[in-house]
Amino acid sequence: RKEVEQDPGPFNVPEGATVAFNCTYSNSASQSFFWYRQDCRKEPKLLMSVYSSGNEDGRFTAQLNRASQYISLLIRDSKLSDSATYLCVVMTGGFKTIFGAGTRLFVKA
Amino acid sequence: DAGVIQSPRHEVTEMGQEVTLRCKPISGHNSLFWYRQTMMRGLELLIYFNNNVPIDDSGMPEDRFSAKMPNASFSTLKIQPSEPRDSAVYFCASRTLFDADTQYFGPGTRLTVL
Chain A
8 RKEVEQDPGP
18 FNVPEGATVA
28 FNCTYSNSAS
38 QSFFWYRQDC
48 RKEPKLLMSV
58 YSSGNEDGRF
68 TAQLNRASQY
78 ISLLIRDSKL
88 SDSATYLCVV
98 MTGGFKTIFG
108 AGTRLFVKA
Chain B
211 DAGVIQSPRH
221 EVTEMGQEVT
231 LRCKPISGHN
241 SLFWYRQTMM
251 RGLELLIYFN
261 NNVPIDDSGM
271 PEDRFSAKMP
281 NASFSTLKIQ
291 PSEPRDSAVY
301 FCASRTLFDA
311 DTQYFGPGTR
321 LTVL
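Here the protein sequences come in this chain order: A and B.
Residues 8 to 116 (the working numbering) make up the first sequence, in order.
Residues 211 to 324 (the working numbering) make up the second sequence, in order.
Worth flagging that the hints you see were computed from the coordinates, not collected in a lab.
The beta-carbon is built from N, C-alpha and C at its ideal position, and this holds for glycine as well.
Check the hints yourself; a few may be wrong.
Said to hold, decoys possible - Here are the simulated BS3-like cross-link-like pairs (lysine-lysine), alpha carbons at most 30 Å apart as the crow flies:
#1 A:Lys-52 to A:Lys-115
#2 A:Lys-103 to A:Lys-9
#3 A:Lys-115 to B:Lys-234
#4 A:Lys-86 to A:Lys-52
#5 A:Lys-49 to A:Lys-86
#6 B:Lys-234 to A:Lys-52
#7 A:Lys-86 to A:Lys-115
#8 B:Lys-278 to A:Lys-52
#9 B:Lys-288 to A:Lys-52
#10 A:Lys-52 to A:Lys-103
#11 A:Lys-49 to B:Lys-288
#12 B:Lys-278 to B:Lys-234
#13 A:Lys-9 to B:Lys-288
#14 A:Lys-9 to A:Lys-49
#15 A:Lys-9 to A:Lys-52
#16 B:Lys-278 to A:Lys-103
#17 B:Lys-288 to B:Lys-278
#18 A:Lys-49 to B:Lys-234
#19 A:Lys-49 to A:Lys-103
#20 B:Lys-278 to A:Lys-49
#21 A:Lys-49 to A:Lys-115
#22 B:Lys-288 to B:Lys-234
#23 B:Lys-288 to A:Lys-86
Unchecked claim - Far from chain A, by Cβ distances over 10 Å, these chain B residues were calculated:
#24 Ser-241
#25 Asn-260
#26 Asn-262
#27 Phe-301
Unchecked claim - Examples of chain B residues toward chain A, derived with CB under 10 Å:
#28 Gly-252
#29 Pro-271
#30 Glu-272
#31 Ser-276
#32 Gly-318
#33 Thr-322
#34 Leu-324
Taking the hints into account, I'd like the entire structure generated from these sequences.
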């Protein structure tokens, strides 16, 4: 079993749609959680950190459920520019970073 | 501000050759990570340095791989001898103690071993 599992997609959605991505992790000792975004042939970039209390950044909302070892990302009012691969990331011990395989999103006009 | 700088951006070499990848972290950052990304295995952490000291190299695939950080502004990842299965994109990332959540990635080196 992979340490961090994501649905690879692809998710094909129209502009303006709401889309949700899920991620599960296996190490209960994991301490920090993130969503990164990676555009085609580019480097990953931090989208947002994920906290148990949930956090929101504009159209993006992230949630963490430690009991279920589950992380989610919700994108509202999708834009064409949201098309990318979204990587679920889990960190243990302050540095041991495990990336999920990524979920591909295509937003179409 | 300059971000993380990696060189070369592309490298094509033949099996058995030595390959050296270079990384310059963001000035003032005290942690550095080397990652490898392939279609099959995704993004994998190879080695982590803190204050120029290798803390964890458990992700280094085998003895053919070695990494050094002689000073705070430079790191290398060396593969000797290289094999076709080493073909991947190699990313370097750095972060600062004051923003430990954020790893800043370089543009990557796309390595092809023929």
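Evaluation of the provided hints:
| no. | hint | result |
| --- | --- | --- |
| 1 | A:Lys-52 to A:Lys-115 | 22 Å, holds |
| 2 | A:Lys-103 to A:Lys-9 | 15 Å, holds |
| 3 | A:Lys-115 to B:Lys-234 | 38 Å, violated |
| 4 | A:Lys-86 to A:Lys-52 | 18 Å, holds |
| 5 | A:Lys-49 to A:Lys-86 | 19 Å, holds |
| 6 | B:Lys-234 to A:Lys-52 | 17 Å, holds |
| 7 | A:Lys-86 to A:Lys-115 | 8 Å, holds |
| 8 | B:Lys-278 to A:Lys-52 | 24 Å, holds |
| 9 | B:Lys-288 to A:Lys-52 | 25 Å, holds |
| 10 | A:Lys-52 to A:Lys-103 | 17 Å, holds |
| 11 | A:Lys-49 to B:Lys-288 | 22 Å, holds |
| 12 | B:Lys-278 to B:Lys-234 | 12 Å, holds |
| 13 | A:Lys-9 to B:Lys-288 | 28 Å, holds |
| 14 | A:Lys-9 to A:Lys-49 | 24 Å, holds |
| 15 | A:Lys-9 to A:Lys-52 | 22 Å, holds |
| 16 | B:Lys-278 to A:Lys-103 | 18 Å, holds |
| 17 | B:Lys-288 to B:Lys-278 | 9 Å, holds |
| 18 | A:Lys-49 to B:Lys-234 | 18 Å, holds |
| 19 | A:Lys-49 to A:Lys-103 | 22 Å, holds |
| 20 | B:Lys-278 to A:Lys-49 | 25 Å, holds |
| 21 | A:Lys-49 to A:Lys-115 | 21 Å, holds |
| 22 | B:Lys-288 to B:Lys-234 | 15 Å, holds |
| 23 | B:Lys-288 to A:Lys-86 | 41 Å, violated |
| 24 | Ser-241 | 7 Å, violated |
| 25 | Asn-260 | 7 Å, violated |
| 26 | Asn-262 | 14 Å, holds |
| 27 | Phe-301 | 6 Å, violated |
| 28 | Gly-252 | 4 Å, holds |
| 29 | Pro-271 | 16 Å, violated |
| 30 | Glu-272 | 19 Å, violated |
| 31 | Ser-276 | 19 Å, violated |
| 32 | Gly-318 | 6 Å, holds |
| 33 | Thr-322 | 14 Å, violated |
| 34 | Leu-324 | 20 Å, violated |
Of the numbered hints listed earlier, those contradicted by the structure are 3, 23, 24, 25, 27, 29, 30, 31, 33, 34.
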